[in-house]
Amino acid sequence: MIMDALHDYFISRPQLRELYDLLEQVGYIYLIGGVLREYKDHECIINLRDIDITIDVQSEQKWQNFLQNYHVEINRFGGLKILIDDTEVDVWRIENTWAYRKGKVVAIDKVESLPKTVFLNMDGIVYDCKRNVWLDREYENAMKTKMLDVVLDDNPQMELNLLRAMVLRKKYNMVYSQRLKDVFRKAMSYEMDYAELEKVLSREQIRRYKKEMLSEEEIKDEILTIFK
Numbered sequence: 001m002i003m004d005a006l007h008d009y010f011i012s013r014p015q016l017r018e019l020y021d022l023l024e025q026v027g028y029i030y031l032i033g034g035v036l037r038e039y040k041d042h043e044c045i046i047n048l049r050d051i052d053i054t055i056d057v058q059s060e061q062k063w064q065n066f067l068q069n070y071h072v073e074i075n076r077f078g079g080l081k082i083l084i085d086d087t088e089v090d091v092w093r094i095e096n097t098w099a100y101r102k103g104k105v106v107a108i109d110k111v112e113s114l115p116k117t118v119f120l121n122m123d124g125i126v127y128d129c130k131r132n133v134w135l136d137r138e139y140e141n142a143m144k145t146k147m148l149d150v151v152l153d154d155n156p157q158m159e160l161n162l163l164r165a166m167v168l169r170k171k172y173n174m175v176y177s178q179r180l181k182d183v184f185r186k187a188m189s190y191e192m193d194y195a196e197l198e199k200v201l202s203r204e205q206i207r208r209y210k211k212e213m214l215s216e217e218e219i220k221d222e223i224l225t226i227f228k
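Numbered per the numbering used here, the sequence shown spans residues 1 to 228.
Source of the hints: derived by calculation from the structure; they are not laboratory data. Check the hints yourself; a few may be wrong.
Pair by pair, the computed Cβ-Cβ distance ranges are [said to hold, decoys possible]:
| # | residue 1 | residue 2 | range |
| --- | --- | --- | --- |
| 1 | 1 | 195 | 46 to 56 Å |
| 2 | 193 | 95 | 34 to 44 Å |
| 3 | 225 | 18 | 36 to 46 Å |
| 4 | 4 | 50 | 16 to 26 Å |
| 5 | 17 | 217 | 34 to 44 Å |
| 6 | 200 | 12 | 29 to 39 Å |
| 7 | 215 | 186 | 25 to 35 Å |
| 8 | 14 | 73 | 14 to 24 Å |
Keeping only pairs whose Cα atoms sit at most 25 Å apart, straight-line, the calculated DSS-like set for lysine-lysine is [to be verified]:
| # | residue 1 | residue 2 |
| --- | --- | --- |
| 9 | 220 | 146 |
| 10 | 170 | 146 |
| 11 | 146 | 186 |
| 12 | 171 | 144 |
| 13 | 102 | 186 |
Quick caveat, the model's predicted, so the values are computed rather than measured. For glycine and all other residues, C-beta sits at the position ideal for the given N, C-alpha and C.
Whenever a hint applies, use it, and build me the whole structure from the sequences.
Following this line, the structure appears as structure tokens:
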């Protein structure tokens, strides 16, 4: 089970374990994104660059106490970024999810709708830690069809999403859907030639991943695949 894998991962990272335990006291925790793909890929958690957590706060006082215990920065989507045990932990209050806050997704049940708030279908994977429930239809369909597609096409970080699409396509040997190509083409119809876009994406990957995930030649090939 994923919680067993997570607890095993915490053994050598006691500060990360303490942070997670404190968040459990604050409210209901929902894991999203990369940590879940890591588990699905390996049935264990080996090495994480970051962990994304959405929380439904049940005690405002405990939430404020939690914030006082850590050095917190604001990430690009308005969530909280905490660096601990060499791991970047991004925490969002569920009501502050970008798509909810901006009215891009109107949800009666904010938990069940979380997989609909992401840009890429490979990110449409959520684990409800309290109920031991996977919400992963978008992700599972992507893995089955090997097609990288759009879930919510409105997103403020299009260059980052373009880079992530390239990285995920390569890692999982997928193809881009025509719709995904069209979204990128429309969003990036401003005057930026391919050489400039290549430079932007090269800088973005170092900023995000702290290393080269794709070579310059690979980025160039991906750009041509999408835009031509």
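Evaluated hints:
1. 1 / 195: 46 to 56 Å: holds (48 Å)
2. 193 / 95: 34 to 44 Å: Holds, since residue 193 and residue 95 (Cβ atoms, about 41 Å apart) stay within the stated range.
3. 225 / 18: 36 to 46 Å: With a Cβ separation near 44 Å, residue 225 and residue 18 satisfy 36 to 46 Å, so the hint holds.
4. 4 / 50: 16 to 26 Å: Check passed, 21 Å falls within 16 to 26 Å.
5. 17 / 217: 34 to 44 Å: holds (41 Å)
6. 200 / 12: 29 to 39 Å: holds (37 Å)
7. 215 / 186: 25 to 35 Å: At 27 Å between Cβs, range holds.
8. 14 / 73: 14 to 24 Å: Roughly 22 Å apart at Cβ, these two residues keep to the hinted range, so it holds.
9. 220 / 146: Given that 25 Å is the threshold and the Cα spacing comes to 22 Å, the pair holds.
10. 170 / 146: holds (11 Å)
11. 146 / 186: holds (23 Å)
12. 171 / 144: Within the cut-off at roughly 15 Å; holds.
13. 102 / 186: holds (21 Å)
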